[in-house]
Amino acid sequence: MKHIISPTDLTVSELNELLELSEEIITAPKRFAQVCQGKKLATLFYEPSTRTRLSFEAAMLNLGGSILGFSSADSSSAAKGESVADTIRVISSYADICAIRHPKEGAPLVASHFSSIPVINAGDGGHNHPTQTFTDLLTIKNLKGRLNNLCVGFCGDLKFGRTVHSLIHALTRYEGIKFVLISPEELRIPNYIREELIAANIPFEEVRSLDDVIAGLDILYMTRVQKERFFNEEDYIRLKDIYILDHKKMANANKDMLVLHPLPRVNEIAPEVDDDPRAVYFKQAEFGVYVRMALIMKLLEVEKDA
Amino acid sequence: MLNIGGLNQGIVIDHIKAGGAMKIYSYLDLENKDVSVAIIKNAKSNKMGKKDIIKIEGTMEDIDLDILGALDHRITINVIKDGVIVDKKFPTLPERVTNILKCRNPRCITTVEPGIVHTFKLTDSRNGVYRCLYCEQSFDRR
Ligand SMILES: [Zn+2]
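If you're matching them up, the sequences are chains A and B in order. Residues are numbered in this note's numbering as their position in the first sequence, beginning at 1, plus a constant of 3. Residues are numbered in this note's numbering as their position in the second sequence, beginning at 1, plus a constant of 312.
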């Protein structure tokens with residue numbers, strides 16, 4: 004039995020298998036409509052995240068399985084002070100697989116130590132969110148046709164953005180990747196990631212202006228600048244609008260550059276960009292369901308043609 | 313040469329990073345052990361500039377020296393018998409440390425989960441870095 008707690012819990016070849024299965028699902032979703040019949044997914048959401056929870060639930064329903072769970076800590080036994088360990092022991096007898104989201108870092112790992120069913124980390128504080136990373140990789144692989152030889156730009160909050168850190172980490176496992184890290188001085192990537200890139204000899208540059216570099220990018224990964232990351236209102240207002248992507252900036256980009264965003268966006272991408280064929284963030288959300296379908300299948304070890 | 317003046321039977325924990333003695337004192341729970349302890353802070357050291365030293369007189373059987381490696385991997389442990397150094401020990405870095413160090417990351421599950429086994433793993437043996445198994449934050453020795 005396997006758990007998915009961190010994106011690197013899958014080797015590159017396991018990850019490739021996962022993405023291949025996801026692409027099979029994209030081509031013929033109907034073929035998979037019954038494969039998890041009789042199986043149950045428990046979604047244990049100790050903090051609300053409607054988007055992620057619905058994506059997991061849609062994935063299981065698409066596979067013909069059923070779902071149960073809770074979506075905030077105060078409606079659950081956690082409110083009565085039950086430990087994660089005890090909760091998962093009980094849930095293990097109700098469901099076949101579970102997705103857990105928790106505000107505390109490491110909670111899904113604790114769950115996996117006491118679980119008799121596969122545990123998927125659906126986000127633990129600012130720590131890991133592996134299915135978001137798998138979603139991002141699937142989007143790039145499916146729409147670009149490859150995960151190697153890419154110039155990938157990350158723009159916005161690169162200091163606190165967990166999705167950014169984990170996608171950078173995941174992409175370093177492929178050949179010919181170059182990173183362009185676009186952020187204000189205050190929100191540059193943390194040192195440990197910079198050191199990791201230097202140690203692995205992976206080319207990257209850190210710049211402040213999106214305009215200067217957008218023409219050279221194959222992928223532009225936009226991120227939200229979160230208000231709660233700032234100590235004062237002034238800093239937030241000064242920084243939040245610096246990197247707004249609009250038609251004018253898009254005009255300088257390659258005709259086949261892709262714009263990704265983990266969503267929800269605030270105002271870092273102007274709505275006018277939504278109609279641009281290069282804007283694939285809604286497609287990306289859709290791919291999130293497919294990759295979760297594939298992951299559930301892999302963890303439950305169900306056959307394609309069951 | 314280390315001055316072990318007055319110490320007949322016991323150990324001298326030398327080359328403690330300056331300022332670190334009290335931490336080791338409390339982790340070894342010397343307060344509640346039947347030994348006499350002398351702490352020397354900010355001693356001059358050729359190698360380190362400044363260092364702390366702990367001298368412990370008495371039987372050392374129930375003191376867990378293994379955890380010292382996790383707390384400060386540069387220390388030296390001198391075993392004293394009849395007023396002379398009979399053994400020098402350099403603490404090894406255990407791969408895992410359980411229920412000794414506690415994670416200081418307020419966002420970590422270990423701060424709220426009842427009955428959790430506090431676990432740190434060695435992630436960088438050259439620099440003696442330990443990270444919390446759950447949140448991966450490194451243990452700050454200060
Ligand atoms: Zn921790």
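These are calculated hints, taken from the structure and not from any lab test. Note that CB positions come from ideal geometry on N, CA and C, so glycine has one too. Just to be clear, a hint being listed does not mean it is correct.
Selected chain B positions facing chain A (Cβ under 7 Å, derived; list incomplete) [claimed, not checked]:
| hint | residue |
| --- | --- |
| 1 | 419 |
| 2 | 421 |
| 3 | 425 |
| 4 | 426 |
| 5 | 446 |
| 6 | 447 |
| 7 | 451 |
Which bits of chain A does chain B cover? Going by a derived footprint, with three or more residues having C-beta under 8 Å, they are [what the hints assert, rightly or not]:
| hint | segment |
| --- | --- |
| 8 | 107-115 |
| 9 | 127-137 |
Over the 12 Å line for every Cβ pair with chain B, so calculated as not near, a few chain A residues [stated by the list, open to error]:
| hint | residue |
| --- | --- |
| 10 | 33 |
| 11 | 281 |
| 12 | 301 |
Here is how each hint holds up against the structure:
{"no.": "1", "hint": "419", "result": "holds, 5 Å"}
{"no.": "2", "hint": "421", "result": "holds, 4 Å"}
{"no.": "3", "hint": "425", "result": "holds, 5 Å"}
{"no.": "4", "hint": "426", "result": "holds, 5 Å"}
{"no.": "5", "hint": "446", "result": "holds, 3 Å"}
{"no.": "6", "hint": "447", "result": "holds, 4 Å"}
{"no.": "7", "hint": "451", "result": "violated, 14 Å"}
{"no.": "8", "hint": "107-115", "result": "holds (count 6)"}
{"no.": "9", "hint": "127-137", "result": "holds (count 4)"}
{"no.": "10", "hint": "33", "result": "holds, 40 Å"}
{"no.": "11", "hint": "281", "result": "holds, 35 Å"}
{"no.": "12", "hint": "301", "result": "holds, 24 Å"}
The structure does not agree with numbered hint 7 stated previously, though it agrees with all others.
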